[in-house]
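Colleague: Sequence:
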Amino acid sequence: MMRKLLELRVLLAIIRLSKNPQGIDNVYFVTDALLKSATKEEQNKFTRLFFEYPSFKERYEEPRAPQWGWLLIATPIIALGVALSYTMITSLLSSSTGNDTQGEVLGINASVQSLASALPGIISGAIASFLSPDVLILLGAGFALFASVSIFLTKTLRLRSQHM
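Going by our numbering, the sequence shown opens with residue 69, and the numbers climb by one from there.
If you're looking for bench data, these hints aren't it; they were derived computationally from the structure. Fair warning: there could be bad hints in the mix.
Stated by the list, open to error - Have a look at the derived ranges for each label pair, beta carbon to beta carbon: (1) MET232 <-> MET156: 42 to 52 Å; (2) GLN230 <-> ILE146: 26 to 36 Å; (3) MET232 <-> GLY166: 25 to 35 Å; (4) LEU174 <-> HIS231: 29 to 39 Å.
Source: prediction; values computed, not measured. For each residue, glycine too, the CB sits at the ideal point set by N, CA and C.
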């Protein structure tokens with residue numbers, strides 16, 4: 069009896085990882101049926117194994133943020149960073165172009181910013197639906213690492229060319 073219940077626990081973990089609600093319901097149904105025929109001692113032992121060691125909630129729930137407070141703090145900071153960067157880019161473009169081409173350059177900049185805002189939403193939605201939302205975090209980290217290495221190498225090459 070205990071072996072069957074533990075096999076169901078493993079099966080439930082696999083089904084949860086595959087995010088199949090139908091399979092989860094089936095495992096709960098079979099588990100309930102087996103527990104009804106088990107002794108009180110077996111029921112208590114299974115309940116301890118299944119829900120307490122390791123914590124069922126910690127293992128199978130998928131928290132996206134530890135607390136809502138973090139989201140309330142992080143969102144305005146990110147929005148402020150984006151707003152400042154867009155404003156600085158626009159002012160740099162405006163001051164570095166002549167009066168005759170300023171409108172054209174600022175129009176192209178607005179188009180590129182709109183495209184830069186639209187494409188990541190479309191692409192990340194496709195990635196999240198086909199693969200997993202967790203892949204987006206890895207992709208973001210990879211892009212950040214690539215950007216950091218690119219900036220470092222560009223600055224290093226500029227310094228070397230200036231000293232030669």
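Colleague: Next, verify each hint and record whether it holds.
Modeller: Each hint, compared with the structure:
no. : hint                          : verdict
1   : MET232 <-> MET156: 42 to 52 Å : violated, 31 Å
2   : GLN230 <-> ILE146: 26 to 36 Å : holds, 35 Å
3   : MET232 <-> GLY166: 25 to 35 Å : holds, 33 Å
4   : LEU174 <-> HIS231: 29 to 39 Å : holds, 36 Å
Violated hint: 1 only; the structure is consistent with all others.
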